[in-house]
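Student: Here is what each chain is made of, one letter per residue.
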Amino acid sequence: MTRIRFQQSLEELKESLLVMAGLAEQSIQRAIEAYRTRDLSVCDLVSHGENAINRLERDIDQAALDLLAMEQPMAGDLRFILSVIKINADLERVGDAAKSISDRVRHMERMAAADLPVDIPRMASLATEMVRKSLQSFIEADAEMARSVLAMDDAVDAMNKAAYKALTKVMEEESHLAPQALNALMISRSLERVADHATNIAEDVIFWVQGDDVRHYKSLKTAPEPPATATAPDPPIMT
Amino acid sequence: MGVGIEVSNLNAWYGTNHSLQEINLNIPGNHATALIGPSGCGKSTFVRCLNRMHETNPVARVTGTVRIGDLDIYKDCKPVEIRRRVGMVFQRPNPFPTMSIYDNVCAGLKLNGYNHSQALDEIVEKSLKNSALWDEVKDDLKKKSGASLSGGQQQRLCIARALAVDPEVLLMDEPASALDPVSTAKIEDLIFQLKSQYTIVIVTHNMQQAARVAENTGFFLNGRMVEFDSTHKIFTNPSDKRTEDYITGRFG
Amino acid sequence: MRDENDLRSKVRAVIDHAATGLAVLSTLLVVTPLVAIFVYLIYKGASSLSFAFFTQIPKPEGEPGGGMANAIVGSAVLLAISSAIGIPIGIGGGIYLAEYGRGTKLANMVRFTADVLNGIPSIVMGLAIYSLIVYRQQHFSAFSGGVALGIMMIPTVTRTSEEMLLMVPHAVREAALALGVPNWRSVVSITLKTASPGVITGCMLAFARVAGETAPLIFTAFGNSNWSVNPNQAISALPLQIYIYAISPYDDLHRLAWAGALVLIVLIVAAVSLVRYVTSRGVLKGAS
Chain D
3 MTRIRFQQSL EELKESLLVM AGLAEQSIQR AIEAYRTRDL SVCDLVSHGE
53 NAINRLERDI DQAALDLLAM EQPMAGDLRF ILSVIKINAD LERVGDAAKS
103 ISDRVRHMER MAAADLPVDI PRMASLATEM VRKSLQSFIE ADAEMARSVL
153 AMDDAVDAMN KAAYKALTKV MEEESHLAPQ ALNALMISRS LERVADHATN
203 IAEDVIFWVQ GDDVRHYKSL KTAPEPPATA TAPDPPIMT
Chain X
43 MGVGIEVSNL NAWYGTNHSL QEINLNIPGN HATALIGPSG CGKSTFVRCL
93 NRMHETNPVA RVTGTVRIGD LDIYKDCKPV EIRRRVGMVF QRPNPFPTMS
143 IYDNVCAGLK LNGYNHSQAL DEIVEKSLKN SALWDEVKDD LKKKSGASLS
193 GGQQQRLCIA RALAVDPEVL LMDEPASALD PVSTAKIEDL IFQLKSQYTI
243 VIVTHNMQQA ARVAENTGFF LNGRMVEFDS THKIFTNPSD KRTEDYITGR
293 FG
Chain A
23 MRDENDLRSK VRAVIDHAAT GLAVLSTLLV VTPLVAIFVY LIYKGASSLS
73 FAFFTQIPKP EGEPGGGMAN AIVGSAVLLA ISSAIGIPIG IGGGIYLAEY
123 GRGTKLANMV RFTADVLNGI PSIVMGLAIY SLIVYRQQHF SAFSGGVALG
173 IMMIPTVTRT SEEMLLMVPH AVREAALALG VPNWRSVVSI TLKTASPGVI
223 TGCMLAFARV AGETAPLIFT AFGNSNWSVN PNQAISALPL QIYIYAISPY
273 DDLHRLAWAG ALVLIVLIVA AVSLVRYVTS RGVLKGAS
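Chains as they are written, first to last, in the working numbering: chain D, 3 to 241; chain X, 43 to 294; chain A, 23 to 310.
Warning: the hint list may mix true and false statements.
Unchecked claim - For lysine to aspartate or glutamate, the following EDC-like pairs were computed, each having C-alpha atoms within a straight-line distance of at most 16 angstroms:
1. X:237 / X:222
2. X:185 / X:163
3. D:16 / D:46
4. X:283 / X:271
5. X:275 / D:59
6. X:275 / D:215
None of these hints come from the bench; they were simulated from the model.
Just so we're clear, the structure is a prediction, and the values are computed from it rather than from any experiment.
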């Protein structure tokens with residue numbers, strides 16, 4: 003097979019991105035665990051993890067830039083590298099969202115517990131499921147799996163809107179619970195952001211695998227249907 | 043103005059070698075079309091069928107139709123006539139070694155009997171300006187020979203020579219493959235400008251070049267045309283796996 | 023290890039010097055006879071050169087003095103006729119072999135014929151022209167001499183032209199054809215013109231060869247002790263005159279023969295150099 007070095011570079015890039023993905027997933031899961039258990043030591047873990055994520059984001063972008071400059075990738079290879087760059091950014095934002103949640107948890111520590119009309123754990127499990135599925139679709143280069151992630155975003159959006167309504171009502175009617183309500187609202191928003199990033203990752207996977215740009219399909223009225231004539235390229239060699 | 047080229051059921055043989063098989067293609071006028079493919083795939087043979095140059099080989103044979111504009115070039119006219127309407131630039135610059143720059147440019151006209159010196163001066167100047175060579179040679183037109191220029195300049199001289207007979211189509215068989223990056227860039231800029239006046243067909247080994255200059259690209263493999271589409275599509279998301287494998291360097 | 027390498031490179035240097043020495047020696051061996059002949063001719067013939075030599079015709083046998091003026095002029099006439107026959111036919115043949123007949127049986131036959139013609143002894147050529155022209159006309163003539171020499175020029179000119187035309191790069195031909203130039207025009211105006219330095223050299227080679235031929239002229243031009251430029255009459259020629267004087271019993275004539283030989287060589291060299299000079303100014307101008 004020709005261009006062995008180039009293909010190995012593509013493989014290494016993919017592996018780096020998977021490491022990044024692992025770190026981001028771990029961050030968000032720790033943040034949610036911290037919320038569940040109110041354990042501040044887990045918040046510390048999230049804070050430390052943030053540095054590794056940021057460093058890795060820069061390394062991956064650099065490696066991708068080098069491949070673009072030196073190897074003149076075309077077609078599937080070009081779409082792959084472009085997707086890696088974008089997924090990289092989304093994963094870094096997921097890490098930021100995790101840090102945000104863990105900061106909220108620290109604040110909540112100092113407040114009294116409150117029973118709020120919002121199901122954070124359910125939102126969290128949906129959001130993390132979307133992240134997991136979108137990353138799995140990347141690993142397997144499965145555009146259908148990625149499309150199913152796009153469909154899940156609506157549910158999380160709805161839950162976020164409902165939380166907003168319910169929590170603003172609490173802040174108006176039970177003003178002593180306002181700090182807790184505000185906190186919960188911010189956590190809900192962070193989780194909604196995580197779901198959005200998972201959606202972006204899924205859209206990037208579809209672009210890579212099928213060459214189809216399905217972003218903003220609601221506002222631009224571009225239907226997220228698979229194009230009729232596209233052919234899935236061979237994914238980079240996996241060990 | 044450039045005209046479109048319609049190719050139907052083109053087959054070509056060199057002796058018993060069936061080098062082109064059932065080529066069907068529409069090349070739009072006033073556009074640049076690139077033809078890519080591995081060595082020996084038939085793209086050079088194809089281009090030579092468009093101005094009947096392949097017939098200079100005594101064992102060459104062709105069936106099928108090639109229409110340039112409204113003219114069936116195999117039925118309606120002789121090879122000499124079609125070659126005045128379809129110019130060609132070759133891979134290695136080949137200026138006439140015994141002629142000055144001036145004589146080189148108007149060789150196509152003079153050798154066909156056209157001799158009005160006033161008009162020739164204007165044609166030479168216009169052709170050299172069109173091929174971005176005028177400024178570099180305008181003081182030495184009759185003093186320097188065509189062969190005394192650098193490689194890149196020689197190739198531009200050959201382009202000027204082809205343009206001087208005012209063709210409608212310009213065929214370029216790997217015009218920049220023997221040139222350094224700066225000369226290549228100049229030739230590519232030139233092709234970009236020439237598109238508005240001529241139809242350009244460029245055979246190239248260099249895919250990045252095809253991507254830079256051509257609106258449409260055709261991929262040839264083993265004597266067949268595998269895929270013909272907009273350059274954008276071919277290089278970001280080709281339909282045929284063989285095309286994808288070729289342009290990503292997985293073979294060939 | 024290093025010592026071995028040193029020894030090997032010393033041996034190589036010695037061999038290199040030896041080879042260079044052999045090459046120089048070979049060159050000297052080749053050039054020496056030429057120089058020797060020239061020097062000897064000058065020695066033997068220069069003293070007999072005089073104004074009279076170049077302006078007078080031979081005196082009747084036995085009388086001293088006289089010159090070879092008519093022989094010089096006669097040679098010029100013969101060479102003009104032979105060039106007019108040999109060069110166009112030869113170049114035409116070369117063009118056919120290189121441009122039109124590649125690989126055909128006819129071309130192979132033409133080439134074979136040219137090679138055989140080249141090998142025919144010059145005396146046989148003279149006899150052939152004698153029976154074909156002189157016998158039928160019942161008189162000797164400059165024309166028949168010119169024909170004999172012309173035919174002898176053809177093979178050299180043809181083969182050299184063919185070689186030189188083949189050396190013109192195919193790319194140059196293609197460039198002309200791609201401009202819509204008809205094939206014949208491309209051959210004449212482009213290919214032939216590009217090959218012309220070599221073709222001219224071929225013509226010069228043939229010219230220099232026949233300029234010194236004697237045997238074919240014995241039965242055709244025959245020689246003439248008077249002024250004559252009429253192609254229908256017998257005519258004198260420098261090599262012929264040298265021969266006649268050389269076998270005569272008179273010392274005076276022998277000296278004239280040596281002078282004639284010297285003049286012949288000088289004239290040939292001068293003619294070739296002149297053509298070289300003229301064509302290098304014209305054709306090769308600008309082609310660096």
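Student: Now look at each hint and say whether the structure bears it out.
Tutor: Now for the hints, and whether the structure bears them out:
1. X:237 / X:222: With Cα atoms ~23 angstroms apart, residue 237 (chain X) and residue 222 (chain X) exceed 16 angstroms; violated.
2. X:185 / X:163: Status holds; Cα separation ~15 angstroms.
3. D:16 / D:46: The hint is violated at about 29 angstroms.
4. X:283 / X:271: Holds - the C-alpha atoms of residue 271 (chain X) and residue 283 (chain X) are around 14 angstroms apart, at most 16 angstroms.
5. X:275 / D:59: Distance of about 30 angstroms is beyond 16 angstroms: violated.
6. X:275 / D:215: holds (13 angstroms)
Checked against the numbered hints above, the structure breaks hints 1, 3, 5 and satisfies the rest.
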